[in-house]
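Given the sequences, and given the hints that come with them, work out the whole structure.
Just so you know, the sequences run in chain order A and B. Take any residue in the first sequence, count from 1 to its spot, add 13: that is its number in our numbering. Take any residue in the second sequence, count from 1 to its spot, add 232: that is its number in our numbering.
Please note that a few of the clues may not be correct.
[Said to hold, decoys possible] Under 8 Å between C-beta atoms, here's a sample of chain A residues computed to sit facing chain B:
#1 Gly-304
#2 Asn-307
#3 Asp-311
#4 His-345
#5 Val-370
#6 Ile-379
#7 Ala-380
#8 Glu-394
#9 Tyr-396
#10 Leu-398
#11 His-407
[As the list claims (entries may be wrong)] Calculated from the model, a selection of chain A residues having no Cβ within reach of chain B, i.e. all distances over 10 Å:
#12 Gln-104
#13 Lys-111
#14 Leu-181
#15 Tyr-402
#16 Asp-482
#17 Ser-487
#18 Leu-527
Keep in mind the hints are simulated off the structure, nothing from the lab. We treat Cβ as the ideally placed atom computed from N, Cα and C, and that holds for glycine.
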Amino acid sequence: MFRRHNITARIFERQIHTPAPGTSIHRARRFYENIVPASTIYEVECPDNSFRKFTEDGKYLISFSRNHQDLIVYRPTWLSFSCKQEDCDNQPLPPKAKKFESFFTQLYSVPLASANELICKDFFLYAETNQFGLFATSTAQIYDAPATGGAIQGVPSIEKITFHLLRLEDGVVLDERVFRNDYINLAHSMGVFLFDDLLAIVSLRYQRIHILQIRDSGSLVDLRAIGEFCREDDELFLNSSAQALSSVDKRAPHHTPVNNAVNGSPLEQPAQENPFLSGIKQRLLSFIVRGIQNEEKDETMRIQSLKKKFYFHFQDYVDLIIWKVQFLDRHHLLIKFGSVDGAVSRNADNHPAFFAVYNMESTEIIAFYQPFNILQMSSDELYLLFEQYCDHFHVPSKSSPYMNFISSHSNNIHALEQLRSSKNKATSFPLFIKKVLVSLPFNCQSQSPSPYFDQSLFRFDEKLISAADRHRQSTDHPIKFILRRPPHTLKFKIKPGPEAGITDCRTKRISSFLFHPILPLALSVQQTLFLQPAVVNIHFRR
Amino acid sequence: MGSSWDVGNWPSFDPHNFSQLRPNDPSAPSTPITYHPTHERTLPPPDQVISSEAKNILLRQFYQRGDEKLRPKRAAPENLSPEQECKHPRASFASSSEPPK
Numbered sequence: 014m015f016r017r018h019n020i021t022a023r024i025f026e027r028q029i030h031t032p033a034p035g036t037s038i039h040r041a042r043r044f045y046e047n048i049v050p051a052s053t054i055y056e057v058e059c060p061d062n063s064f065r066k067f068t069e070d071g072k073y074l075i076s077f078s079r080n081h082q083d084l085i086v087y088r089p090t091w092l093s094f095s096c097k098q099e100d101c102d103n104q105p106l107p108p109k110a111k112k113f114e115s116f117f118t119q120l121y122s123v124p125l126a127s128a129n130e131l132i133c134k135d136f137f138l139y140a141e142t143n144q145f146g147l148f149a150t151s152t153a154q155i156y157d158a159p160a161t162g163g164a165i166q167g168v169p170s171i172e173k174i175t176f177h178l179l180r181l182e183d184g185v186v187l188d189e190r191v192f193r194n195d196y197i198n199l200a201h202s203m204g205v206f207l208f209d210d211l212l213a214i215v216s217l218r219y220q221r222i223h224i225l226q227i228r229d230s231g232s233l234v235d236l237r238a239i240g241e242f243c244r245e246d247d248e249l250f251l252n253s254s255a256q257a258l259s260s261v262d263k264r265a266p267h268h269t270p271v272n273n274a275v276n277g278s279p280l281e282q283p284a285q286e287n288p289f290l291s292g293i294k295q296r297l298l299s300f301i302v303r304g305i306q307n308e309e310k311d312e313t314m315r316i317q318s319l320k321k322k323f324y325f326h327f328q329d330y331v332d333l334i335i336w337k338v339q340f341l342d343r344h345h346l347l348i349k350f351g352s353v354d355g356a357v358s359r360n361a362d363n364h365p366a367f368f369a370v371y372n373m374e375s376t377e378i379i380a381f382y383q384p385f386n387i388l389q390m391s392s393d394e395l396y397l398l399f400e401q402y403c404d405h406f407h408v409p410s411k412s413s414p415y416m417n418f419i420s421s422h423s424n425n426i427h428a429l430e431q432l433r434s435s436k437n438k439a440t441s442f443p444l445f446i447k448k449v450l451v452s453l454p455f456n457c458q459s460q461s462p463s464p465y466f467d468q469s470l471f472r473f474d475e476k477l478i479s480a481a482d483r484h485r486q487s488t489d490h491p492i493k494f495i496l497r498r499p500p501h502t503l504k505f506k507i508k509p510g511p512e513a514g515i516t517d518c519r520t521k522r523i524s525s526f527l528f529h530p531i532l533p534l535a536l537s538v539q540q541t542l543f544l545q546p547a548v549v550n551i552h553f554r555r
Numbered sequence: 233m234g235s236s237w238d239v240g241n242w243p244s245f246d247p248h249n250f251s252q253l254r255p256n257d258p259s260a261p262s263t264p265i266t267y268h269p270t271h272e273r274t275l276p277p278p279d280q281v282i283s284s285e286a287k288n289i290l291l292r293q294f295y296q297r298g299d300e301k302l303r304p305k306r307a308a309p310e311n312l313s314p315e316q317e318c319k320h321p322r323a324s325f326a327s328s329s330e331p332p333k
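Next up, the structure:
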């Protein structure tokens with residue numbers, strides 16, 4: 014059906030036609046085809062900060078000082094100027110347009126990190142309902158840390174990681190949570206997941222998932238710590254029964270404890286020497302065993318199957334550690350397991366990944382998927398679910414309704430076509446599945462909700478720019494945004510870097526793009542890998 | 233002819249078409265007759281409570297596959313393709329809250 018593209022015609026049509034059921038937001042977003050950030054101001058004079066992102070409601074721009082110790086928050090405003098000539102639209106912009114302050118007003122600057130700490134500039138989570146922001150500061154990483162106190166050997170240690178909860182309206186620090194001698198993956202918020210008011214923090218070193226709640230008053234409340242113990246009172250129960258048995262043993266030394274669930278070894282040994290696996294590892298292994306047992310009806314076949322599929326790989330299963338976690342809803346977690354080497358290495362592609370769905374309330378494992386096709390719990394089942402229900406992995410919460418409109422292959426035909434074509438082009442299906450499942454569990458708030466990334470509105474080169482906020486290789490050519498619908502015209506271009514381009518082609522440059530979620534405003538930041546000041550361009554609708 | 237339906241003298245193809253129609257008598261308002269079913273095949277069970285499903289569709293799929301794995305298998309090997317699974321009768325989800333055996 015041919016729809017008129019003229020903005021006035023669209024506004025008139027909006028007055029008389031109601032949109033098709035369930036598409037009112039899609040129709041409203043189509044106006045972004047007409048209002049585009051086509052003007053660029055090159056090399057804006059801006060303070061030397063590292064700009065992180067716009068918050069999802071568009072109210073704040075988060076940036077950190079160059080020395081990674083202060084947080085500076087700006088409010089996006091708009092350039093305003095007066096023009097006395099006749100033809101104002103075609104007049105060049107006044108010189109104050111080149112100033113950062115014309116577009117943003119600084120609200121406050123708060124020092125978050127003390128002397129030997131640095132703010133992790135890749136970490137920022139926003140709780141939209143209360144306008145709280147979560148930031149992280151950490152001290153330096155120690156690589157060869159000894160495995161003390163229940164820590165896993167091979168995982169580095171950080172002396173102090175602090176999470177700061179700030180009210181972004183005025184920059185008041187509401188609460189802090191400190192983790193000592195621990196290791197949490199802070200890059201791109203990988204080790205932390207925020208869903209509504211629940212926070213899941215993965216401590217890689219001690220293999221615990223800390224579940225916290227952000228209260229409206231701004232305090233961080235511990236709910237549970239999953240890992241060694243599944244329920245909140247497990248530790249209390251085990252300790253009290255250990256104490257009771259030790260007191261029984263003292264009174265009757267000839268009495269041998271029979272079938273003692275807590276201790277398989279003599280009571281003098283400390284609790285760490287306990288050969289029994291507890292907590293989530295026990296749940297996982299028992300789920301695998303029950304699955305294998307149920308496959309065979311015949312008793313001898315069952316034992317054979319168990320030997321071959323479980324006991325042969327027993328040590329590998331026991332050595333699995335938690336890599337990453339996300340919420341699937343308020344009670345369920347999707348946990349990715351793997352080996353210790355894979356957790357620490359930058360390129361996790363070579364290490365097999367295992368996925369489990371865990372119910373926090375009933376402390377049961379619901380599903381488990383592994384990369385080998387031994388059992389029927391293989392990753393291609395998980396891939397099929399991901400293909401069909403991708404949006405449910407991007408857990409939508411009531412407090413952030415914009416999440417439903419970020420293009421994914423479950424809500425957008427063009428993204429689905431892209432996925433299908435890469436599936437058909439893939440030479441090996443298991444490798445393709447592995448590549449796709451690397452992105453699970455998802456990083457929280459890593460995609461920009463800007464309508465300019467909506468695949469049904471615009472077509473753009475995904476390798477050069479996309480909704481995911483990560484740094485990309487910078488090119489000299491501007492990045493084009495072309496309309497998806499007829500008349501398929503080029504609507505606007507984003508060109509990072511100086512207007513004339515860079516003459517020195519040897520230095521590698523990376524760019525990052527910050528799109529405002531609502532206004533036709535975008536920042537492109539191009540930096541070289543050395544400590545030269547970044548080149549910031551502002552793209553906006555004039 | 234024979235039609236008492238002459239509210240407004242509307243044109244009609246055949247004047248006998250509406251001869252059976254009894255127009256609403258504004259002087260004696262009557263409520264329309266309620267339909268009572270003559271059989272009991274479609275009655276809901278007396279203790280039925282309709283509520284929304286707490287789990288989203290993805291979690292329902294995880295639970296369904298988990299339940300099928302833990303149920304003792306039939307002799308014939310099952311082909312666990314997703315299309316066929318959608319057509320199986322849904323297992324009761326109350327079983328997921330039972331403690332593991």
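Quick rundown of the hints versus the structure:
1. Interface hint status for Gly-304/A: upheld, as the beta-carbon distance to the closest one in chain B is roughly 5 Å, under 8 Å.
2. Residue-level restraint check for Asn-307/A holds (minimum Cβ-Cβ distance to chain B is 6 Å; threshold 8 Å).
3. With a least beta-carbon distance of about 10 Å to chain B, the hint placing Asp-311/A at the interface is violated under the 8 Å criterion.
4. A distance limit of 8 Å between C-beta atoms decides the matter here; for His-345/A the minimum to chain B is near 6 Å, and the interface restraint holds.
5. For the restraint placing Val-370/A at the interface with chain B, the shortest Cβ-Cβ distance is roughly 5 Å, inside the 8 Å limit, so the hint holds.
6. At its closest, the beta carbon of Ile-379/A sits 5 Å from a beta carbon of chain B; the interface hint therefore holds under the 8 Å criterion.
7. Look at Ala-380/A: its Cβ gets to within about 4 Å of chain B, closer than 8 Å, so that hint holds up.
8. A least Cβ separation of about 7 Å between Glu-394/A and chain B falls short of the 8 Å threshold, and the interface hint therefore holds.
9. The beta carbon of Tyr-396/A is not positioned within 8 Å of any beta carbon in chain B (closest approach about 11 Å), and the interface hint is therefore violated.
10. Checking Leu-398/A against chain B: minimum C-beta separation of about 6 Å stays under 8 Å; hint holds.
11. Interface restraint check: His-407/A against chain B, minimum CB-CB distance 11 Å, threshold 8 Å, status violated.
12. Once the 10 Å rule is applied to beta carbons, Gln-104/A is consistent with being away from chain B; the minimum gap is 54 Å.
13. Once the 10 Å rule is applied to beta carbons, Lys-111/A is consistent with being away from chain B; the minimum gap is 49 Å.
14. Non-interface call for Leu-181/A relative to chain B: holds, since the shortest CB-CB distance, roughly 30 Å, exceeds 10 Å.
15. Non-interface status of Tyr-402/A relative to chain B is broken: a Cβ of that chain comes within 10 Å, the nearest being about 4 Å off.
16. Non-interface status of Asp-482/A relative to chain B is upheld: no Cβ of that chain comes within 10 Å, the nearest being about 25 Å off.
17. Under the 10 Å C-beta cut-off, the non-interface status given to Ser-487/A relative to chain B holds; the minimum distance is some 38 Å.
18. For Leu-527/A, the shortest C-beta to C-beta distance to chain B comes to about 31 Å, beyond the 10 Å cut-off, and the non-interface label holds.
Taken one by one, the earlier hints fail for this structure at numbers 3, 9, 11, 15, listed in ascending order.
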